[in-house]
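Chains as they are written, first to last, in the working numbering: chain A, 1 to 205; chain B, 206 to 940.
A portion of the hints provided could be inaccurate.
Computed Cβ-Cβ distance ranges for the label pairs, DEER-style [to be verified]: (1) V353(B) / Q66(A): 34 to 42 Å; (2) I108(A) / L314(B): 38 to 46 Å; (3) G329(B) / I108(A): 40 to 48 Å; (4) I108(A) / F313(B): 45 to 53 Å; (5) S469(B) / L100(A): 50 to 58 Å; (6) D331(B) / L100(A): 56 to 64 Å; (7) G329(B) / P44(A): 54 to 62 Å; (8) L100(A) / F313(B): 54 to 62 Å; (9) I108(A) / S513(B): 38 to 46 Å; (10) P44(A) / S513(B): 48 to 56 Å; (11) V293(B) / L100(A): 53 to 61 Å; (12) S368(B) / E50(A): 38 to 46 Å; (13) N81(A) / S513(B): 45 to 53 Å.
Note that these hints are calculated values from the structure, not bench results.
Here the structure is a predicted model, which means the values were calculated and not measured.
All C-beta atoms in this analysis are idealised placements derived from N, C-alpha and C, irrespective of residue type, glycine included.
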Amino acid sequence: MFAEARITGSLSLSTVAVFIRRRANVLLLSVICCLPAQVCAGHPGIIKLEDAHTFRIDSSDFLDAQFAIELSSGAEEAVQNSVPLLFELQVQVVEAHTWLWDSVVIEITERRLLQYHALSESYQVKDLNAATQGNYRRLDDALRAAGKISNLLLTDQSLDRGPTYSIRLRGSLDVESLPTPVQLIAYISSDWSMVSKWYKWQLVR
Amino acid sequence: MAAGSIARIGFGVLPMLVLFALLLVSLSLLSDATHNSERFGQMYSMLLLINAAALVFLGALVIVNIIGLIRQQRMKVPGARMTSRLVVMFVVLTVVPVSIVYYFSLQFLQRGIDSWFDVRIEQGLDDALELSRAALDVRLADILNLTVRMAENLSDAAPATLSLTLYDQRVRSGAAELTLLGGDGRIVASSSSDITDIIPDQPPGEVMMLMRNRKHYIGLDPLGESGLYARALVPVLSSRSDSEVYTLQALYEVSERFSLLAESVQSAYTRYKELAYLRIPLKFSYSLTLSIVLVLSLLAAIWAAFHSARRLVAPVRDLAEATHAVADGDYSKRLSVASEDELGFLVRSFNDMTRRLAMSREQTVRGQQQIEGQRAYLEAVLANLSSGVISMSADSVLRAINHTASKRLGIDARQYLGREMSVLASEHAYLGPFVDAVVSHRSQGDRSWEEEIALHGAGGYQVLMCRGTVLGGKGKRAGGLVIVFDDVTALIQAQRDAAWGEVARRLAHEIKNPLTPIQLSAERIRRRYLGRMDAQEAELLDRATHTIVNQVDAMKKMVNAFSEYARAPNLNMAVMNFNKLVDEVLDLYRSNDLKVDMIERLDAENDTIEGDAGRLRQLLHNLIKNALEAVKGMPDARVTVSTRGVDGVKNNQIELCVEDNGPGFKTDVLENIFEPYVSTKPKGSGLGLAIVKKIVEEHGGRISAESGEAGGALVRVQLLLSNESRSVSDRQALS
Numbered sequence: 001m002f003a004e005a006r007i008t009g010s011l012s013l014s015t016v017a018v019f020i021r022r023r024a025n026v027l028l029l030s031v032i033c034c035l036p037a038q039v040c041a042g043h044p045g046i047i048k049l050e051d052a053h054t055f056r057i058d059s060s061d062f063l064d065a066q067f068a069i070e071l072s073s074g075a076e077e078a079v080q081n082s083v084p085l086l087f088e089l090q091v092q093v094v095e096a097h098t099w100l101w102d103s104v105v106i107e108i109t110e111r112r113l114l115q116y117h118a119l120s121e122s123y124q125v126k127d128l129n130a131a132t133q134g135n136y137r138r139l140d141d142a143l144r145a146a147g148k149i150s151n152l153l154l155t156d157q158s159l160d161r162g163p164t165y166s167i168r169l170r171g172s173l174d175v176e177s178l179p180t181p182v183q184l185i186a187y188i189s190s191d192w193s194m195v196s197k198w199y200k201w202q203l204v205r
Numbered sequence: 206m207a208a209g210s211i212a213r214i215g216f217g218v219l220p221m222l223v224l225f226a227l228l229l230v231s232l233s234l235l236s237d238a239t240h241n242s243e244r245f246g247q248m249y250s251m252l253l254l255i256n257a258a259a260l261v262f263l264g265a266l267v268i269v270n271i272i273g274l275i276r277q278q279r280m281k282v283p284g285a286r287m288t289s290r291l292v293v294m295f296v297v298l299t300v301v302p303v304s305i306v307y308y309f310s311l312q313f314l315q316r317g318i319d320s321w322f323d324v325r326i327e328q329g330l331d332d333a334l335e336l337s338r339a340a341l342d343v344r345l346a347d348i349l350n351l352t353v354r355m356a357e358n359l360s361d362a363a364p365a366t367l368s369l370t371l372y373d374q375r376v377r378s379g380a381a382e383l384t385l386l387g388g389d390g391r392i393v394a395s396s397s398s399d400i401t402d403i404i405p406d407q408p409p410g411e412v413m414m415l416m417r418n419r420k421h422y423i424g425l426d427p428l429g430e431s432g433l434y435a436r437a438l439v440p441v442l443s444s445r446s447d448s449e450v451y452t453l454q455a456l457y458e459v460s461e462r463f464s465l466l467a468e469s470v471q472s473a474y475t476r477y478k479e480l481a482y483l484r485i486p487l488k489f490s491y492s493l494t495l496s497i498v499l500v501l502s503l504l505a506a507i508w509a510a511f512h513s514a515r516r517l518v519a520p521v522r523d524l525a526e527a528t529h530a531v532a533d534g535d536y537s538k539r540l541s542v543a544s545e546d547e548l549g550f551l552v553r554s555f556n557d558m559t560r561r562l563a564m565s566r567e568q569t570v571r572g573q574q575q576i577e578g579q580r581a582y583l584e585a586v587l588a589n590l591s592s593g594v595i596s597m598s599a600d601s602v603l604r605a606i607n608h609t610a611s612k613r614l615g616i617d618a619r620q621y622l623g624r625e626m627s628v629l630a631s632e633h634a635y636l637g638p639f640v641d642a643v644v645s646h647r648s649q650g651d652r653s654w655e656e657e658i659a660l661h662g663a664g665g666y667q668v669l670m671c672r673g674t675v676l677g678g679k680g681k682r683a684g685g686l687v688i689v690f691d692d693v694t695a696l697i698q699a700q701r702d703a704a705w706g707e708v709a710r711r712l713a714h715e716i717k718n719p720l721t722p723i724q725l726s727a728e729r730i731r732r733r734y735l736g737r738m739d740a741q742e743a744e745l746l747d748r749a750t751h752t753i754v755n756q757v758d759a760m761k762k763m764v765n766a767f768s769e770y771a772r773a774p775n776l777n778m779a780v781m782n783f784n785k786l787v788d789e790v791l792d793l794y795r796s797n798d799l800k801v802d803m804i805e806r807l808d809a810e811n812d813t814i815e816g817d818a819g820r821l822r823q824l825l826h827n828l829i830k831n832a833l834e835a836v837k838g839m840p841d842a843r844v845t846v847s848t849r850g851v852d853g854v855k856n857n858q859i860e861l862c863v864e865d866n867g868p869g870f871k872t873d874v875l876e877n878i879f880e881p882y883v884s885t886k887p888k889g890s891g892l893g894l895a896i897v898k899k900i901v902e903e904h905g906g907r908i909s910a911e912s913g914e915a916g917g918a919l920v921r922v923q924l925l926l927s928n929e930s931r932s933v934s935d936r937q938a939l940s
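Next up, chain B with everything else stripped away, as it sits in the complex (with noise of 0.2 Å):
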């Protein structure tokens, strides 16, 4: 599940951390910045650009979790979902309750600072402030009239003597310094009570502006450290007329209590009036470190809920994956436990289970193995054995049916396998005894019998020993049925040949053997007594004899042909045409004058067949003569030998029909005509069908005997063709 791994966006957590902590730090320098601005006002911009830059930072990061998040959910990854729920989960829970912090933040903010701020207070301040500049102003007014007195003492003295009358008003007003100006704001004297000071202040150019026009001036001047200063400028009207217009400044020490007053008022009300201006920008910046605080915060939470919502998600998805991988068959699949959790424990639960099912999945195959291999062992033996082997359900269903079975029954097995076994029968007529058999015995419950039964099938003549047997147990076999069979047609045939050989022997024995003396004797009594008898006895003798030795002959030739019949075959097998070989036995029929209609319809397209050829001609002149003889005498005598390809059950045979319509079969004799001795002929040795059967037996195929529809007789002879000649090399072999 390679698509399945969800692609880690985004950082470890040790980074992480320390870029929160340093953020956190850098949001506190930012608040205190925000405070105080004598520690962190120099820094408070570059705070607010580290702050904003990890803003951004952030946002990126988030951006791209959430880009990644929908990518996968589109990609229907497994887990996606999953996370997607407990980030909005993570997230809501995260912003809600920090945006209602934030909201009320603000609020206590704008009020906070906006209650810091009286009218009260600033009208106080304004009060204090105008209460100090009147009491300023009475001590400048009468700082103003001494500097007008000292004027005008100034205005009579002479040029010569301006200085030490200026130190002289000096000391004697009490002033710090009094400087005497030009009309072009030059120093013209100066008398200072701080000898250190060489340079006397020079007051401002608009003051002067003010003396060009003779009026006079009183100030108040704050002098850097030295405290609060009284400026007084009053012109110096000298009685001359043309002399220039001094101008005498008079700068006097404010009292330094009524200066320290003034002053605390002073910065009192000028800290006021500035914290009044800041409120806007305070609160603005205050709201912003707040939002900015809060923007980030948020930020990492989100970032935070991804991280947490991954790896929470994580052992889940991946339990999905090995849930599914199960599933597909896969039970290899371990997942690693990566916590004590009720988690781990799922974990440690699901390896416990996929180890299980492995271990079982694996006992399961090797049992099926060897049930395989137990199977097949089985299939080979049954396919191996020469006995047919048949089995079926107790609901008559076939359940198997082995190589041989279906070999002897001459059946294709797969055909009829899961189907009842009636449906043999219906389909081959030459079954029926057999499942006629078997029915009878499932009737009657027999759970295990035995029985011999005969069939006409596709290989011919068949006798079956067979074997039945009710299965027992409790299994879904029970009630079923195996029944076994062997052919034992060649056993049987054997047998009979035996027999017949043996009362061929004995015959050859006990009566040819006697009947030569007995020919012997009588021609000798003949050949003695015949010279010395009279005419009528000799004549009755010579009867006698005679009579003696035509019947010893006629005993001879029937032991002869008897031992002929009983004889065990010694077979020349060759593959012949059986056509050709008709044509030859025909024409030797043919050249004779027979007043007999020979019919030849040699039909069949294939007759290669694996015979012994001199057998089977001496079947042809059996059954060829047996016909002749039938019709013998008859005005349109008529002989009909054909042949045709028959389709056997799963092989192909040749058939010959020899018909004639001489007077048939009698019904009587129809039963037993092929056995020896039975004949419908007044002369003969009653062993000719009988041989002709030997000889179809020999070669493994059928005959029947019929009458035909006009009368007559028909006689069937059917052999395999040449293809299944190894199952007459086999009969061949055992008898």
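Just chain A, same shape as in the assembly (with noise of 0.2 Å):
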């Protein structure tokens, strides 16, 4: 009952607008300011999508998927210092039309915090989307933990079998989540960018 699936990247609106304004802030922001040196330090983060794949159980397409997230040295600083990241994997469902814009059928945001525990000494990860969490010795265990989806329930009988559908897949650290003082450099600072491209791939029924 497996299907195969075919990773595409693709550019997307919502990327360009989130991308704009991102660039206008930090345009805007890095005319009226002088930048502290936290900003400007370090490897940056990168979210990208390592491994995704879907497979239909009765009827119902389900996604599997793996982000690898590396968190920039600030990020890792941050969260050394209990300050919980939240990362939104988004999944969307998309109705391909021929002239006119795609639409999105389903969209699905999982929303995972991370935050270190210091008392354990271990790395929290909360789903917030099905209220669990773990708990890892390791960040990168803990990353991986917050980079993955398993059996995400994607369509249901209830979605007509008769256009096709592609997956659209993305990964990134929302900033907006973050402390306020932190948001102001996460708008200037490539370091704090952490958003992967759109992945995109039809799905075969």
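Make the complex out of the two chains shown on their own, each in a separate frame, by following the hints.
As structure tokens, then:
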């Protein structure tokens, strides 16, 4: 019952919008501010899709995916200092039209909160959607857990079988959820700009 | 002053106030967002963007204002310099205190935030965490030991009884959950105190890795909201060598008190760590917010400075423009009173001033118009006055000469106005008597005088009746003199003519009438008694009656001649060529054998005159006859008749000269040579030159007699050319 998934990268409008907004902010703020040293240091953060596939069980489509998340040195420092990071893994089922814009049929955002627990010296990853939590001694394990989507129900019988659907996938660090002082720096600094491109592939049924 | 009006760059006050209020709200929200991320944290970036946009807008507004002001200053728009000075003053007044406040605020901010953090507090929190860990570690060690013992107990249990054994062990040990895991991580058996929890909690992958090496694991796991759990994993070593190695996972609930305390320490530590980490970004965001507030306030203040400077300067500029207009003579300028302060008072005063100025100017103009009217009236009266009027100042400078005066005196009035009167005499010798009379009366101090002055001027012989009056009063005209004169030449002439006519009438009546009876009586006596008397007596009678008849005849001739002289002329004036007339008359004399050298030199180019040809012929005859008689019998007798053009004062005249080389005039008779019965000839009526003079005067001309350079007599007659015939006609009419 497994269907092969083809992964393609594409740039959508919403990506452009986010990009423009952030760039505009960067431009604006860099003009009026002098940046603190913290802003431009260390290696950049990366979020990319490592593996993704859909499968069918009883005419419903499910998604398994794994994002590889590498924190930038600034973000890592923030985590070590008990600043919670919220990762958003956006999943969209898109109906393709020939002449019109693609319409999003289903949109699911998986939100994962990563936080350091000093007492147990472990990293907690809370799945805010499922309200579950995992504890990890190592940051890498915590990040893998944060970037993991498993058994996510995408479609069911109610979805029309006629048109072709595509899956779009993107992971990002939610800057808006950061503490306000860090937000400001996050807007300015590329160090905090952690967003993957949209990965898109056709849902084969 | 279109250029003067300053272009209003910017907006009205109300929209700007609304904008500033919104800006203030946005700034306060921004500041709130900086403080409390819960409420406005989500809006922070939006607020920042809004404020940045406001910043750009205000900045652009200020730049536009500055550029406008610079341009106005270059164009020298009134008020621009004052506006810029005020703006600079306001900006300096704003920038300096705001900058100082900003500097110290930044300092306080940096130090204040730094002062929140203390090494000792940090150390204390670290120690508290460590203490919590140490306290938990003791408990964890107990749990591990307990789990190890349970694992030993389980090692010998039969697979079928594993679940029961697990349950038994759990109840006895007080664990929350016991799970037996296979080598591949699968759940072999499980027992939980929470009956709702069907799926047992799985250990993390890294722990399972540890288990493969058959090692013990004890760790603390925060499990969601249900507090802290101790997780212990111990391998269950079976006595059977072939059997699979299981792992026992035991989850113990940490006691509630422990859990609460530990969680409290943990959260305090986390919060402190987070805050310590956020210190620098916090300072940065506070500084940024403060800077935005500062820059916005400054820009708003600068704009407000522009606005208020313009408002302050506007009435001053209007005043300046209006003053300029008043200086240029526009008194209609009125300014609107916009305020009740000192400027309003100034504007009101200015309006009063311009109104009064306008009124006084109107009055002045009206007065001037009246004066002009009076002067024009006076000038018209003077110009049309038949009397000549001359006025002069106390120092004898000519002030006014009316048209008649300039015509009578033969001068161009404009040349002499503002000059001394004596100039008249020096430039026109014939005016000498006139000037002398005036001067002599002035020197005598006569306030009012009257004198008849005779002039031989351009218009011929003139007798002027002058009346002088010294002006009184105290003005600048005081001490001046007004001379009014009339030309009484014609009047005198007419009077004289009338007198002579009366004489002639009387002569005719009293003398000529008795002469005829006398003559007739003498002739009758002669006829009656000549034949009866003897020859001697007859001869006496004859001689006596002859004498009577002859003398009576002579007397008759004399009376006739005098009548002829005194008779009022009846002139037939006509335009003629004087040279031609002279030539015709001379022809009569040339044809006779006179043995006199008649020289004719008619040089006058313009000889058109208006006159009575018969009278003028008589004039020529009289003059030529006189000359011929004077040279009669002389060996080289010569009579020269010449004409030439003479430039009068303002009109051309023709001059006739009759000159002989005879004995000339005697000096004693020269003065009265033209009076009747004055003669140098032994025979003659004594009326020849008198008639000549009369004819000349009838034609408005001048006559003079003088002795020639080489003896002989010279008579000059000057007659007006025909363009002056009008004055001649006037004379004629008068006489």
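So, going through the hints one by one against the coordinates:
1. The hinted range of 34 to 42 Å is satisfied by V353(B) and Q66(A), whose Cβ atoms lie roughly 37 Å apart.
2. Range check, I108(A) to L314(B): about 43 Å between beta-carbon atoms, so the 38 to 46 Å window is met.
3. At about 45 Å, the CB distance of G329(B) to I108(A) agrees with the hint of 40 to 48 Å.
4. Distance hint for I108(A) and F313(B): a CB-CB separation of about 48 Å, consistent with the stated range 45 to 53 Å.
5. Distance hint check for S469(B) and L100(A): the Cβ-Cβ separation is about 57 Å, which falls inside the suggested range of 50 to 58 Å.
6. Distance hint check for D331(B) and L100(A): the Cβ-Cβ separation is about 60 Å, which falls inside the suggested range of 56 to 64 Å.
7. Between G329(B) and P44(A) the beta carbon distance is about 36 Å. The supplied range of 54 to 62 Å is therefore violated.
8. In this structure, L100(A) and F313(B) meet the distance hint of 54 to 62 Å, their C-beta atoms being roughly 58 Å apart.
9. In this structure, I108(A) and S513(B) break the distance hint of 38 to 46 Å, their C-beta atoms being roughly 58 Å apart.
10. Range check, P44(A) to S513(B): Cβ separation about 51 Å, and the 48 to 56 Å hint holds.
11. Between V293(B) and L100(A) the beta carbon distance is about 60 Å. The supplied range of 53 to 61 Å therefore holds.
12. Taking 38 to 46 Å as the suggested C-beta distance range, the pair S368(B) and E50(A) conforms, at roughly 40 Å.
13. Taking 45 to 53 Å as the suggested C-beta distance range, the pair N81(A) and S513(B) conforms, at roughly 50 Å.
Checked against the numbered hints given earlier, the structure breaks hints 7 and 9 and satisfies all the rest.
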